[in-house]
Amino acid sequence: MIKQTYMEIINSQTVAAVIQHYPIADDFLANYRLSSISKGLIFPQALDEVEDEILEEFGLDRDEILQNLCVFLETFSQTEFALNSVLSITINGGVNKLMEPENISLTISAGEIISIVGPTGSGKSRLLNDIECLAQRDTPTKRQIMVNGAELDDMQRFEMDGKLVAQLSQNMNFVMDLTAREFLEMHAKSRLTPNVNEVVEKCFQCANELAGEQFSEDTKVTQLSGGQSRALMIADTAYMSESPIVLIDEIENAGIDRRQAVLLLAKKDKIIFVSTHDPLLALSANKRIVIKNGGIYKIIETSAVEKQSLDGIEKFDNVLLKLRNTLRQGDLITEELIKI
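Be aware that the sequence shown starts at 1, since it is given in full-length UniProt numbering, and climbs by one per residue.
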């Protein structure tokens with residue numbers, strides 16, 4: 001049924017219209033050396049103008065090209081539908097390093113923020129890894145991750161692998177020599193994002209609001225600082241990524257407006273896990289998972305009193321931010337700067 005729908009689309013709309021709605025169709029055409037076909041015609045008519053030698057190079061006739069295009073678009077759309085249907089995940093406890101049972105079952109819904117706290121080396125990253133791989137009692141912790149209240153079989157895990165979870169690690173390294181705009185445009189097209197230019201502009205503006213230091217659209221991604229790279233990827237995740245779960249590891253070290261970043265992602269109805277030592281981030285979450293001896297020690301719901309303390313914590317944090325910026329700019333620290 002889906003394939004017939006796509007066939008109806010490409011048989012009734014111009015090539016330009018299909019590309020506008022499904023930008024990744026442009027990449028499909030490029031792969032078959034068909035980028036120069038007439039964009040003002042519908043696909044069958046445009047392919048009629050293509051020389052037979054070009055099609056023979058790939059061993060395909062015109063009907064097979066159209067069928068392949070339908071399958072191509074269907075594959076991306078099915079992935080998007082599956083991810084959009086994730087409303088909650090559940091963490092069923094396993095064991096800690098001492099093989100003691102965790103005895104917990106925590107369900108997190110879309111839009112919730114969960115902080116993960118504990119000493120360095122206590123096992124915070126291990127919990128993030130369990131969520132990322134959708135553990136089914138087959139990791140050292142023996143935890144189980146359920147989606148929408150249901151267990152996952154191997155096939156479902158394979159289908160969701162790399163799509164369900166977006167992870168923002170402490171170090172963001174780019175290997176492609178693209179500008180920030182080229183990077184965003186490429187990702188937008190691969191995600192079948194409508195209104196590519198509009199979304200790219202939103203991402204770029206958001207990244208500059210989050211970053212401690214402004215950068216231009218023409219800046220090479222390989223030249224971005226750690227904070228700028230993290231800001232770019234957070235904006236990209238917020239506006240383009242369909243992954244319903246976002247894992248963030250120690251965002252306080254990124255040199256960005258971390259609280260604004262986390263709240264931005266939560267507004268997109270994503271499930272956010274933040275591993276942090278930062279009290280401002282920890283108390284901004286709906287709940288926090290306390291890790292001890294490699295296991296989930298307790299789950300604490302952020303109280304009203306803790307929420308009220310955020311204003312005071314933020315004042316301290318702003319003083320530290322001023323001090324950091326003053327040092328970076330080569331200025332002297334004065335008594336006025338350390339006043340709250």
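Fair warning: there could be bad hints in the mix.
What the hints assert, rightly or not - Simulated restraints on C-beta separations: (1) Val305 / Cys133: 34 to 40 Å; (2) Glu209 / Phe174: 31 to 37 Å; (3) Leu332 / Thr219: 48 to 54 Å; (4) Ile333 / Pro119: 52 to 58 Å; (5) Leu60 / Asp218: 16 to 22 Å; (6) Ser216 / Ser109: 37 to 43 Å; (7) Glu74 / Gln156: 29 to 35 Å; (8) Ser35 / Thr5: 22 to 28 Å; (9) Phe158 / Ser109: 24 to 30 Å; (10) Lys202 / Phe158: 17 to 23 Å; (11) Ser109 / Ser303: 18 to 24 Å.
Claimed, not checked - Calculated pairs, EDC-like style, for lysine to aspartate or glutamate (alpha carbon to alpha carbon, straight line, at most 16 Å): (12) Lys163 / Glu102; (13) Lys339 / Glu306; (14) Lys292 / Glu306; (15) Lys298 / Glu64; (16) Lys142 / Glu198.
Hints listed in this document are in silico derivations from the structure and should not be mistaken for laboratory results. Backbone N, C-alpha and C fix where the C-beta goes; we use that ideal spot for every residue, glycine too.
Looking back at the hints listed earlier, which ones does the structure fail to meet? Violated hints (numbers, rising): 2, 3, 4, 5, 7, 10, 12, 13, 14, 15 and 16; every other hint is consistent with the structure.
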